[in-house]
Every structure is written in C-alpha cells, then in structure tokens.
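Letter by letter, the chains look like this.
2 protein chains.
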Amino acid sequence: MAHLSDLEIANNATLKPITEIAQKVNIDEDALEQYGKYKAKVDINKINKNEEKGKVVLVTAMSPTPAGEGKSTVTVGLADALNKLKKKVMVALREPALGPIFGIKGGATGGGYAQVLPMEDINLHFNGDFHAITTANNALSAFIDNHMHHGNELEIDQRRIEWKRVLDMNDRALRQVNVGLGGPTQGIPREDGFNITVASEIMAILCLATSIDDLRTKISNITIGYTRSRKPVTVADLKVEGALAMILKDAIKPNLVQTIEGTPALVHGGPFANIAHGCNSVLATETARDLADVVVTEAGFGSDLGAEKFMNIKAREAGFEPSAVVVVATIRALKMHGGVPKDDLKAENVEAVKQGIVNLERHVDNVKKYGVEPVIALNAFIHDTDAETEFVQQWAKEKGVRLALTEVWEKGGAGGESLAQNVLEVIDEPQSFKHLYELDLPIEEKIETIVKEIYGGKGVSFTSKAQKQLASFKENGWDKYPVCMAKTQYSFSDDQTQLGAPSDFEITIRELEAKTGAGFIVALTGAIMTMPGLPKKPAALNMDVTEDGHAKGLF
Amino acid sequence: MAHLSDLEIANNATLKPITEIAQKVNIDEDALEQYGKYKAKVDINKINKNEEKGKVVLVTAMSPTPAGEGKSTVTVGLADALNKLKKKVMVALREPALGPIFGIKGGATGGGYAQVLPMEDINLHFNGDFHAITTANNALSAFIDNHMHHGNELEIDQRRIEWKRVLDMNDRALRQVNVGLGGPTQGIPREDGFNITVASEIMAILCLATSIDDLRTKISNITIGYTRSRKPVTVADLKVEGALAMILKDAIKPNLVQTIEGTPALVHGGPFANIAHGCNSVLATETARDLADVVVTEAGFGSDLGAEKFMNIKAREAGFEPSAVVVVATIRALKMHGGVPKDDLKAENVEAVKQGIVNLERHVDNVKKYGVEPVIALNAFIHDTDAETEFVQQWAKEKGVRLALTEVWEKGGAGGESLAQNVLEVIDEPQSFKHLYELDLPIEEKIETIVKEIYGGKGVSFTSKAQKQLASFKENGWDKYPVCMAKTQYSFSDDQTQLGAPSDFEITIRELEAKTGAGFIVALTGAIMTMPGLPKKPAALNMDVTEDGHAKGLF
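Going down the list, the protein sequences come from chains A and B. First residue of the first sequence? That's 1 in my numbering, and the numbers climb one at a time after it. First residue of the second sequence? That's 556 in my numbering, and the numbers climb one at a time after it.
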C-alpha cells in the first residue's frame, strides 16, 4: 500500500460527483458552477448558511525540514477523521502554484491516503484562479507603463515603481529585466522584474477580501510607486480598480473539491508564507464556517510564520477566533533540530530527538500565547522507531500538552482518529483567543513583539534603508497596518543554520514593503526569493500526457 | 432595438443550459465537462459521430475598414438562419484574446442579435485555454534559459534564440526586453521580447493539431533557436514536449457554447491572422463536422489573408474541402475603397461605391480560384441608402455572383434567411476544391503564386536577410512547408494606403520565420505588430464589476 505514488493513489480513488459532495454541506445546485464533474466554484451569495458559524481548527507545524512535515496531509487526514466521527466538517486549503511543479517533485494537495482530488487538476490550472491573478497583476503593469508612455500625467517616477510583473513559473531569468527598450514607440525604458504569481499583492488581496466590493476597494489602495517628489501613487489614481476587479470576478469564488474519503474541501488562494500571509482565502474559510460545524485549515510553514500571520492578519481581518491549533511534528525534524545531518535522519537517534524537542516546545508555547490550546500531531514516517516516538509521547505528557500519533498518509482518516478526538475535546473547551499585538503600536514595536514573543530573539535592528522607510511610511499614515514578516522557515532566527530553539539572536530588518492594498507592512529579513529557479534536471523532463489526455509523471 | 449595446442584448438573452444545447447535436453528458452552466469542454473521444461528415461553409470578407465589417456577426447570423430552416448546424469560431479588450471597445463574439454567449465569459478567461497556452509558451522559455544557466549542453547561442515569451496583454513595454540580468545566479543575460499570446507558435499548433498525440509531436518539432554553428535546436532536444503537452491537456478540448438563438457553437483557438493562420482549431471544425450537417466557420481578415490560409494551410492539414464561401461586404467598406475618408463614410456616395467595388470583385474572384462558389453577404448598416445597396445588387447580378442582403445584427437569424437559402443552394452543387499551390514548390514560388494569383501583384522581392534565410531553410529541409503570409489586412498590397484593387505593385518579403512546429513558413511583409499597445484612454477605465459579480463596461 505504502509503495504507490501519490498520483497512483489519486488515480485509483473513485471520485464522487461534485454535486453529491455539495449536498453533504447543503449547497444547492443553483450555487454551484461546475468545472468538469469533480470541481466547482461556489457562489457564496446563494449558499444555505448554518445558523451558527463553524469552529476553526488551524494546522501549523514545527520548523520544517526541506522535505516538509506533511502539514497538508495531516490537515486532510484530520478532516477525514472528523468525518468518520460523523462531524459536519470541511477542509479549507491553499491552492498550489503551477510553476514549482516543473522544478522538483512534490505537490501541495496532501499525500498518500490523505489527499484532495482531482489531484492533477488542482496541481495544474485549477479553475483558472492563479491565471486570473497573473492577468490582473500584469494588466496593472501594462496600465502603469501605458500611462507613462502617454504623457505621464501622474508624474510617476520610473525609478520608483514598486509594482512588479508576475508569472506562475520558476524562471530565474526574469528576476531582473529591463523593459520598454527599442525606441520611442516602445514605452519608457526602466528596470523591472517578475515575481512568481503567489508573491503578487493581488494574491494576498484576493485571500483577505471579504467580498467583491472589498476586493475592489483593496485593489484601489495598492501603492504602485512614487512620484519624483515621493508622493505615493495608487491604483485609484490610475482609475483601473474596476477593470482589475472584473478580471478577478470568478477567481474570487471558492473552489469546492473532495478528499479521497469524500470530505468536502474548499481550496482557494495561495499567498506566499514569507512575503505574504500564507493562508487560504478568508472567503473560503468563512464559507466553510457557514456550511460546516468544524473547519480544518492550515497556514504555511511553522508557528513563527504562517500561524503568526493567521492569528494577527487573517483572523483579525476576518473577525474569527480559532478554537484549536494542531502543531505537526515529525521524528525526522526533531532529529534535524537536534543536530543530525540530512543524510543520517533515517537512523535511530533518541538523543538527537531529545536535543531537538526544544524546537517543538517553542512552537507549542507560541500557540498558547494566543490563548488557544495546542494539540501536537506526531506524523509517523516509516523510519521512526518506537524509542524515539515514546520519548516524544512521554515529553508531551510531562509538559501537559496533548499529543496524538497520526498515520494519515498510510491510513487516511482512520490514521487520524486519535488526533480528531483530541481536537474535539479542545474545541468544546472555552478558549480565550487574543492577538499578539494591537494595531496602534508603532511598526517597530509590532516587529519587536513578534521577534521577542514568537521567535524568542533578544531584539531587532533596522538597516538605514529600513529606518528611512519607517519614517516615510509613518508620514504616509501607514503605521496602523499589521506586520507581515518575511523570514526563513527553517529557523526561529533569520539565519537558517540556527536550528533548535536559538535565543541569543537579533533580527535584522533589511527592508520594508508597504502593501497598502492587502493592508500589511512586509518586513524583510535576509534575502527572500520571490522568483524561484529550476534545477538542472527539472521534473518537467519526466512529465507527459497519455493518449486519453491524462497527466503522467506529475508526482 | 438597435439602441441597446451588445452587452445589454447579451444580458437580456435567456440562455439554455449547456446540457440542452449539447443534446441538440447528440452529445451525451458523459462527453461534456461543464464550466459553469453555460459553457462546456467536449471530450472528442466520447462524442456520437454522424455517419457522414458535415459540410463546411467558410465566411471571409472584403478588405476591411478599421471598424470591421461584421464577419463574426454574419457567421453567427448565418448559422442561426440555417437553424431556423431546420438544418442541423453548428458554428465554429475563434476565441477572442483577452488583452485587447482593455484597449479599444469591441469584442469578437459577434454583435447585436447575432452573438455567441455567455459574452462576458467568452471575452474574459473562457475556460482557460489562452492561459494554458501562455503557460506552455513561457514554460518553454524558462526551460531554455534554465538549460543555458546549467551548463548549456546543447550549446544554444543566446543571440540566436527565436522563441519569445508571451502574455495575453496589450503591453508595448514588453516588446523588447533584456532578461537574465543581475549576476551569475540570475540566468544568462540576453535580449528577448514578449508577443501577445495569440502570436505564440503554440497557439498555431493547438489550432492545427488533430489529436493530443499530434499536438505533442508538433510541439517537439518547434525550432527554438540555433547553436553557434547555426544548427537548429528543437523542443525535442530539450526533452520537454511531454510537459508542454501536459499543460495543454484541457486546452485542446473544444469549447461548446450557444448563440442567442440557441444554435450550438464550438469556440476554440485564436491564432493571429497575419503571422499565423487566423482560423479556429482543426479539432473544433472537425468535431462540428462529426456532429452537424453544416458547419459555418470564419477566418481572419479578407480572402487575401485568413481565407487564403484556411484553404492552403488549415483545410490541407485537416483534409476537408469547403462547400461554399461567404464574402462579407459593407457599403461603408466599398466607399472607403472608393476613396472616401473615414469621417465621410456615413453620407450617401454611390459613385464611391462604384469605385470601390473592384475590391470586392477581387475577393470574389479569389474564392473562385479554389474551385468554390462564393456568396456575397452585403451586411446592412444603418447609414446605407437604397441607391447604394441597389447598385451593389445590380453589379452582382451582372457579374453572375450570388448576393444576399443580411440584417443579422438587428434581426438575428431572421435577418440571414436569404443568405442561408443561397448557401444551401451552393453546398448542394458539386464543387471542385483545389489548393492554390502544391507543397513541393520552392518557398519563393509559393509566395509568388499567392502574390500574383490572390493579391493581384506583379511580383515579389526578397531582402538580403530573407534571401539568406531562404538558403538556410532549404539547407535545413524546411522548404516543403506551406507559406503563412504576414501582411496588412487593409490592402491587397503590403502598403495599407493602397485601397481598392491595386495591381501595379511588388511585395517585399522583409524576413522569414520557420514555424517548424506549426508546420509553416511565415513570410513577413512590412512591419507586423505582434504585441499591441494600449491607447491613451484605454477601455479599462470604464470597466467595473457589479456587486453580484458581473462585468460592467465590457462592451
């Protein structure tokens, strides 16, 4: 069983018609826009809402290994386990980016017997959402360059345009480009660059918008650059927010799919978890809460990144309070944080697990700081030994934190029942959710709070560039936004080699970015890659299509 | 009635569920992949085919005015008229590009009461086909740059890469760009440029492919550039044809929609009519022939461009013979070719119509050269006078060519019944279709045949660049491909100011492009724009979205 690939398992699964999945959560056909037989967009104005909103369970993780700890897999498996326990449950997940699949094997739809389906469609163009975002993003670039070409009434300084073009592609040659070359009929020459689509501010906006009207407003607030006198220029100045919102009129609707076990899943939006907030859309989560009693959702990377932003950006914007937080841990990640090199992670090493547990401990403590009860999901891998697993179980017992062993990759929902029981106990208890910081704190203090409380660092320093930006942001009235930290996911610090639970470190804020449309200030620590490259032998070399039109070699 | 906009008329129409439209041509639900309630992709492997293939009626036009002569409108109206006459009929049309709608008002889904619907969906992302083509095109660019970055085993010369990136956008600033800037981790610096997606060779390939396997083969044959020793490098050398075909696995399926009057329509593919062949996909036309007795289809621009390529490229590739050709003419275009300036076209001017008729005459004669009977559709506009119309009718009578007055914009199918009757008479007569030239002629002679026979010119000259290319194409074995002429649509000559029926002109071939994937040689005359720009006040400024998610100001 465990020897089949994710794609083979996905292909062996028998999918139910999406209309049947919709019925499970009382969505009428009238509210469904089918995309083939197994995918649909949901018209949120036409759904039958529950009287009471469903409870939110967030799945986060300890600091990951480069291979990942199976967070999406546990998210799906937990929902399937709750489904088995007869709960009215939905999953709310991010959509995977298309570009990276051509690079290195690995999808974002769960794995093994805990996947959302149809896997090949979700991993390819999936109802066109990312393509629409790419189009809206690049239309804005075209409008900017066109405005400058035709007289530049707004006096945009071509050296101070912050808005970049995007493609959903791993393409390093586009990171830095010169555009507008070739003479006076070909635009204004200037420096530009392409990000990957998930890094577009329009992606972040789509994921934080609460309606099409709110989307339009947020888009109008985007700062695209500055004039020569450093006055911000917005989309509203260009008067194209209506056109851009129109491009996104279908992309804003959540996508309904199913897990292998037939649990309804909303998969919608996928912003980066470093330079953006790393959570699926507010609309998908809120729609799931309108339809189900329990919503299982995830946020990118660990409690220091996705979960922190989930709590302080997404939950704040949407106005909900999470009822439980699952922290995914693995023996191999614990060993890595205990100092074991990548190639030795398969060998038993209880001592390293003991050393590495400090990483998990800080993530668990972080969750408690929001007033929400954590549940550790120890996600089983084939090389784990009993001694290693027992150590972690004993540690959790002593610490007084709930822990459940999960085997959802191999067993689907049946492998997550203990986790589900734990989660159900927690969400029935009263929680006392609070944000980590208030919005009226100065930007510096918001960052300092995150660094000290969540990262466990001793302080923050700002480069002179960042200091200048802080001053100008304050002048522009941009100091009431929440902060979106861009940091490596491998360490609590901004140095990815500092594993475990480092504490004697300072975080350096290299640069800030004002995302006045999405409504947050990005604080960049170290070099964050917003356009990946492809490896020497990209996964694309093994991809193909069958004669009847199915994907081969996708995963 | 005539005072409503196309979008208002479209919004007032009551659409039938696409399943009902499918039933009209015996498509089972099993073969339908619904995209919402009113659009579907058709799985061509699961349709019920007629015993006999349907007959093909091509709609072309005289040399157009910049405003267009209503070719798509007549195509739709003719099909609706045939439908009214109880014929089993389908329309096969091109998909409109997304980028241009933000520039100048005007769609590509017909107009008035002769439109295909849902208009706003077809004009926006329409089932993601163009986005998939953009993705495949740019993935290939990323694979090329990645190959060079990682050692360049194939020894691709970065100065001789012919493959360009694309976006479905009017964006002049991307016509000429430098990529790979920023140092050794950011790729190899080189010159590049973006075309609009409809100019991608992958668009042309998708429209000429006869199966997913054929698509894959054609993609593998694309020449992406040359080595330092001028050896062609193909996609097959890069080994990514499988991945690129996989990206297109859904885009290759024809899209089923309906006209306002409920006639089934396949709208699929949309290559440029100058640097590409300007016809909807072979698969859509052939699928329509499998399902209906009469298929009405169009080709871009006049008989000198789209129709010529329809006959010599598409019909040859697909292996069918058109049974009738409709030539759309308008009084205003006749006046323009008679020398009337744009601003005076509304005033009666019978003399100018007389002068301009030579343009229509040459188009009609061109059609006859393929052994197919032409029918003129004189497409009524509100400013036409009886005297002008009567002159054209009398002229046609004297010339012995069929002519029908059409009022399909205002009356839908009812305004096209006379045209439909004429077409039905023609398709019941035996035709003697032949291509204009055989493939084993040298490239120069193919071009000369087109210039003399179709354009009415006296000869061809080649720049020294084009001469060198001819020699190297011959060396590479590329001389058996058909020719795809890139020429202005406004004149038979390569000078757009030469209206009417010029004859004392030479055509200069400035440059050639070998499209070894699509399987044709593009011959460029004059400057052909492959990436449009936006006007000073783009149509985007008037676009918006309603609170319930519908497009506003689209047309």
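Hints are computed from structural coordinates only; laboratory data are not their basis. Careful, some of the hints might be misleading.
[Unchecked claim] With a Cα cut of at most 20 Å, we get these calculated SDA-like pairs of lysine to any residue:
1) A:Lys537 <-> B:Thr789
2) A:Lys536 <-> B:Lys601
3) B:Lys1007 <-> B:Glu965
4) A:Lys354 <-> A:Gln393
5) A:Lys239 <-> A:Lys354
6) A:Lys37 <-> B:Asp792
7) A:Lys536 <-> B:Thr1101
8) A:Lys537 <-> B:Pro739
9) A:Lys37 <-> B:Asp598
10) A:Lys536 <-> B:Ala1094
11) A:Lys239 <-> B:Pro739
12) B:Lys592 <-> A:Asp250
13) A:Lys164 <-> B:Glu945
14) A:Lys239 <-> B:His705
15) B:Lys794 <-> A:His550
16) A:Lys552 <-> B:Glu708
17) A:Lys536 <-> B:Glu708
18) A:Lys537 <-> B:Glu965
19) A:Lys37 <-> B:Gln1053
20) A:Lys397 <-> A:Ala387
21) B:Lys1020 <-> B:Glu1068
22) A:Lys536 <-> B:Asp792
[Unchecked claim] Chain B stretches covered by chain A per the calculated footprint, using a threshold of three residues with CB under 8 Å from any CB of chain A:
23) 578-590
24) 733-741
25) 796-802
26) 917-924
Glycine included, every Cβ here is placed at the ideal spot set by N, Cα and C.
These are the hints, each one checked on the structure:
no. : hint                    : verdict
1   : A:Lys537 <-> B:Thr789   : holds (18 Å)
2   : A:Lys536 <-> B:Lys601   : violated (40 Å)
3   : B:Lys1007 <-> B:Glu965  : violated (39 Å)
4   : A:Lys354 <-> A:Gln393   : holds (12 Å)
5   : A:Lys239 <-> A:Lys354   : violated (58 Å)
6   : A:Lys37 <-> B:Asp792    : violated (37 Å)
7   : A:Lys536 <-> B:Thr1101  : violated (47 Å)
8   : A:Lys537 <-> B:Pro739   : holds (19 Å)
9   : A:Lys37 <-> B:Asp598    : holds (12 Å)
10  : A:Lys536 <-> B:Ala1094  : violated (44 Å)
11  : A:Lys239 <-> B:Pro739   : violated (39 Å)
12  : B:Lys592 <-> A:Asp250   : holds (14 Å)
13  : A:Lys164 <-> B:Glu945   : violated (57 Å)
14  : A:Lys239 <-> B:His705   : violated (43 Å)
15  : B:Lys794 <-> A:His550   : holds (19 Å)
16  : A:Lys552 <-> B:Glu708   : violated (26 Å)
17  : A:Lys536 <-> B:Glu708   : holds (11 Å)
18  : A:Lys537 <-> B:Glu965   : violated (58 Å)
19  : A:Lys37 <-> B:Gln1053   : violated (54 Å)
20  : A:Lys397 <-> A:Ala387   : holds (15 Å)
21  : B:Lys1020 <-> B:Glu1068 : holds (11 Å)
22  : A:Lys536 <-> B:Asp792   : holds (15 Å)
23  : 578-590                 : holds (count 3)
24  : 733-741                 : holds (count 7)
25  : 796-802                 : holds (count 5)
26  : 917-924                 : violated (count 0)
Taken one by one, the earlier hints fail for this structure at numbers 2, 3, 5, 6, 7, 10, 11, 13, 14, 16, 18, 19, 26, listed in ascending order.
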